[in-house]
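K.L.:
Chain by chain, the residues run as shown.
4 protein chains.
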Amino acid sequence: MKKRIYYHDTDCGGVVYYGNYLKYLEEARTEFLEEKGISLKDLMDKGLWFVVRKQEIEYKAPAYYGDILEIKTFLKEITSHRIVFLCETYNQKGIFLNKAITDLVCVDKNLKLSEIPSEISEKVK
Amino acid sequence: MKKRIYYHDTDCGGVVYYGNYLKYLEEARTEFLEEKGISLKDLMDKGLWFVVRKQEIEYKAPAYYGDILEIKTFLKEITSHRIVFLCETYNQKGIFLNKAITDLVCVDKNLKLSEIPSEISEKVK
Amino acid sequence: MKKRIYYHDTDCGGVVYYGNYLKYLEEARTEFLEEKGISLKDLMDKGLWFVVRKQEIEYKAPAYYGDILEIKTFLKEITSHRIVFLCETYNQKGIFLNKAITDLVCVDKNLKLSEIPSEISEKVK
Amino acid sequence: MKKRIYYHDTDCGGVVYYGNYLKYLEEARTEFLEEKGISLKDLMDKGLWFVVRKQEIEYKAPAYYGDILEIKTFLKEITSHRIVFLCETYNQKGIFLNKAITDLVCVDKNLKLSEIPSEISEKVK
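Protein chains in written order, with the working numbering: chain G, 1 to 125; chain S, 1 to 125; chain H, 1 to 125; chain W, 1 to 125.
The set of hints was computed from the structure by calculation and includes no laboratory data. No incorrect hints appear here.
Which copy is meant is left open, so a pair is good if it fits within one copy or across any two.
When the alpha-carbon atoms are kept at most 27 Å apart in a straight line, the in silico DSS-like pairs for lysine-lysine are as follows:
no., residue 1, residue 2
1, Lys2, Lys125
2, Lys123, Lys112
3, Lys3, Lys99
4, Lys112, Lys99
5, Lys123, Lys72
6, Lys76, Lys112
7, Lys3, Lys46
8, Lys36, Lys109
9, Lys46, Lys93
10, Lys41, Lys93
11, Lys41, Lys60
12, Lys54, Lys93
All values reported here derive from a predicted model rather than from experimental measurement.
Can you build the whole structure from these sequences, using the hints too?
P.N.:
In structure tokens, the structure reads:
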């Protein structure tokens, strides 16, 4: 996924705010799933959501206004109820910016742990 | 309402991002209503929401990291379905930063125009 | 400009938060200028910025998670120091969502009103 | 630090967006340092910044619109160049929501690793 950096992404340190990367990670894993034919919106209509259980992110270099980031998304693990993504972010010069591991679980409307529908786990694999 | 400015409020121009003021306006009118004994959460539980129909904001001076803003909220108008707020924002030195008019309407779950409950309009006046 | 709506764009009312549109407007006018060969980053490197002086936005219909918005950007006015954009936002079904007028002025590092460089005003027209 | 949850904090899942907690963590550690007599703004004026090197966050329960969160901030570690915070977030009922570890380093304008000024490390301890 490519992502251009605008003013609203940055802070007065002149770089992208550290918390904003979690938005890009959401976008990146949504696009990853869309490419596999999985729509989180359809899942939502069935009363299921993926919620983040744990997030880790290591920042090596900052992004600046006008940068075009590339976020590479990899499936790290999938079990009956959990899905774990690894994302690596690079800038337009190929410089490595950060690495993130997002650990999600599938839940229902009442936030009760639910099984990932088999058609989803098959498409993801 | 007093509001401290953090990194996440600013952009790489070194000042508060113009779009973030709309969040502070939401906070300011929520606090204004809370002070009058009106809870937007209770309203939400009754299936009613105030949604913004029109927003105007004029920026005169910027806010910086570390500033403590003061947002003064005034009721400008209230009718059977509409409520209009005027907010003025100042920094800790009393410098006028911006002025905003927010025009809201009361809607139900299906976003259909609904009457503002009389106990709310009475408390607001 | 096309823009997909993610979770981070929405609020617990189930729709896109009213303040987030100001981010999309920034993106839309940046893309509009880029298409004309104008880089706000280059301008910034010259010590010039466009800052918003006045923002008006009228909301007619909401956007939802998963929507693909289309933002049409028009030049409304350009003078020696000011540039005014009109943006109209539609969803993927062509439904009109909102209309915004953004009034910007060109300033230098000290936020002093500055003339818009002639190569920019020519490219924009 | 106490923090009220507004619409802009939530997403269409009805809960606070997972990425927004990183803003609250910034606010919480800023307030923690302020209480010790340390101003990040003063540090910034000296050409020094704390930047996040690593962020970990584990989510146990969500926050909802209208909640009043309490964020408890602890100093976990401080070395010549690094400072590590542990934050725990609870809601108004005392329910534990999440736990975060933020690992920051002190850098100068060119993002080069810099020593934490001794008056700061002494005040923090």
